[in-house]
Amino acid sequence: MLSKRVVACLDVKNGELSKGVQFVATEMLGDPVAKAKAYYEDGLDELVFYDITASSDQRNIMLDVVQSVAQEIFIPFSVGGGIRTLEDAAGLLMAGAEKISLNSAAVLRPELIKECAQAIGAQNTVLSMDVRAVAPNTACPSGYEVVINGGRKAMGMDAIAWARRGCELGAGEVVVNSIDADGMKQGYEIQLTRMVAEAIPVPVVASGGAGTPEHLHQVLTKGKADAALVASMVHYGDYRVLDIKQYLNRQGVKVRMNY
Amino acid sequence: MGPSVTIVDYEAGNLRSVQRACEAVGLSAEISADPEVVRRADRLIFPGVGTAETAMVTLARLGLDEALMSFFQSGRPLLGICLGLQVLLDYTEEGGRDCLGIIPGQCKRFQFAESDYKVPQIGWNEVSKASEHALMAGVPEGAEFYFVHAYYAIPDQGSHVLAETTFGDKTFASVIGRDNVFATQFHLEKSGRFGLELLAAFGQWDGAVC
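Residue numbers (my numbering), protein chains in the order written: chain U, 17 to 275; chain X, 31 to 240.
Hints are not guaranteed to be accurate.
Calculated lysine-lysine pairs in the DSS-like style (CA-CA distance at most 25 Å, straight line) [said to hold, decoys possible]:
(1) LYS159(X) / LYS35(U)
(2) LYS240(U) / LYS148(X)
(3) LYS240(U) / LYS159(X)
(4) LYS201(U) / LYS240(U)
(5) LYS238(U) / LYS201(U)
(6) LYS200(X) / LYS159(X)
Quick partial rundown of chain X residues pointing at chain U, CB under 7 Å, derived from the structure [claimed, not checked]:
(7) PRO150
(8) ILE152
(9) ASN155
(10) LYS220
(11) GLY222
(12) LEU226
(13) ALA230
Coverage of chain U stretches by chain X, computed from C-beta distances (three or more under 8 Å per stretch; other residues unrestricted) [to be verified]:
(14) 104-114
(15) 156-168
Derived by calculation from the structure, the hints in this document are not laboratory data.
For glycine and all other residues, C-beta sits at the position ideal for the given N, C-alpha and C.
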């Protein structure tokens with residue numbers, strides 16, 4: 017039976033691990049590679065790195081981080097943040113990432129998803145979407161709207177419709193980040209996650225809001241997510257990856273316990 | 031310098047991750063698209079992601095299909111990974127394509143009535159031994175490995191099924207092999223400690239089943 021995945025998300029700014037609240041970086045937490053390696057040894061199933069470096073001339077630092085991760089860590093990992101072209105994506109894959117995660121650039125130019133899926137495979141092309149709740153309206157009948165540029169710009173686009181379109185263009189997996197829940201440690205946006213999971217034929221990764229292992233339990237069952245992303249709750253040492261997986265296992269969620 | 035392996039480069043995905051995993055377990059790994067290098071390799075790893083159709087066309091264009099057959103006949107150890115497993119069979123539903131025919135059988139796409147099972151299968155799943163094999167000796171029962179695939183192998187002969195995995199309501203052959211060929215549907219280069227151990231065992235394998 018396929019296991020549910022616990023995925024750690026590391027936001028990297030100028031080569032350093034950072035953590036924010038509602039998408040604003042607030043604190044620097046040291047070497048992302050060392051952190052990632054500790055999680056790997058603790059039974060983490062997958063890693064996601066987001067490059068939140070503001071200036072483009074610093075981007076080569078991210079390639080170094082990716083290369084180091086690829087040499088030391090033998091579980092799947094994806095990289096996102098600032099990927100605007102197929103060349104950007106290919107460069108990250110060459111450096112050792114498995115999957116690339118498209119976000120704002122795909123909203124602005126959806127064909128990017130298709131180009132990546134064709135060139136590097138749908139299974140390596142992840143659509144990551146930042147979403148916030150709005151009053152349901154004609155443009156966003158689901159009551160969830162897509163935002164870009166780290167949550168700063170609303171697009172007047174329906175999140176569920178965008179997830180469907182992304183899959184049609186070739187995305188092999190969809191990460192749903194709730195801006196409202198991000199960094200609040202009050203739990204995932206269960207309803208949003210479930211709506212996306214029921215709307216699309218590919219796996220869904222829930223993101224934003226994890227504060228306790230019970231939050232993961234909720235989103236992996238009620239929220240129908242295939243994987244759950246954690247950040248603050250492991251970065252600050254509140255919980256170990258091992259604790260989270262043991263909890264899920266006790267709740268009857270199938271997770272990888274032998275590693 | 032440890033045992034040397036050659037990784038077949040047929041433009042099918044990121045071979046560097048396989049190479050890095052080899053290096054992590056002390057194998058010296060070179061990537062090559064040259065049929066002569068492939069023919070003469072000590073040990074061969076045949077990885078791959080993408081579609082079987084593109085893979086078969088590219089293998090033929092580069093002359094690697096014949097090189098792979100001739101390597102197989104040499105009796106030296108051959109490891110197929112993911113798409114590299116699927117094209118070892120006679121035929122795949124994907125694009126309705128004849129493949130290498132090294133292991134009799136075919137590949138089919140997962141079909142589920144229940145939409146709760148999403149295809150491709152992406153993630154970690156348990157691998158249970160089905161036949162005795164030297165390379166599987168060190169793999170604990172119920173160890174999980176990392177899968178990404180929409181098609182699965184159905185070997186004609188039960189003895190070619192080395193391990194099985196259940197996805198949805200389907201139990202399929204996740205490791206297949208015969209003689210000097212061993213192939214995993216999962217990505218052992220991305221499967222943590224157990225994947226690395228299997229890769230290390232391949233580096234020591236003499237190509238005999240038991």
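Results for each hint:
no.	hint	verdict
1	LYS159(X) / LYS35(U)	violated (43 Å)
2	LYS240(U) / LYS148(X)	holds (11 Å)
3	LYS240(U) / LYS159(X)	violated (30 Å)
4	LYS201(U) / LYS240(U)	holds (19 Å)
5	LYS238(U) / LYS201(U)	holds (18 Å)
6	LYS200(X) / LYS159(X)	holds (16 Å)
7	PRO150	holds (6 Å)
8	ILE152	holds (5 Å)
9	ASN155	holds (5 Å)
10	LYS220	holds (5 Å)
11	GLY222	holds (5 Å)
12	LEU226	holds (6 Å)
13	ALA230	violated (12 Å)
14	104-114	holds (count 4)
15	156-168	violated (count 0)
Hints 1, 3, 13, 15, counting from the list given before, are not met by this structure.
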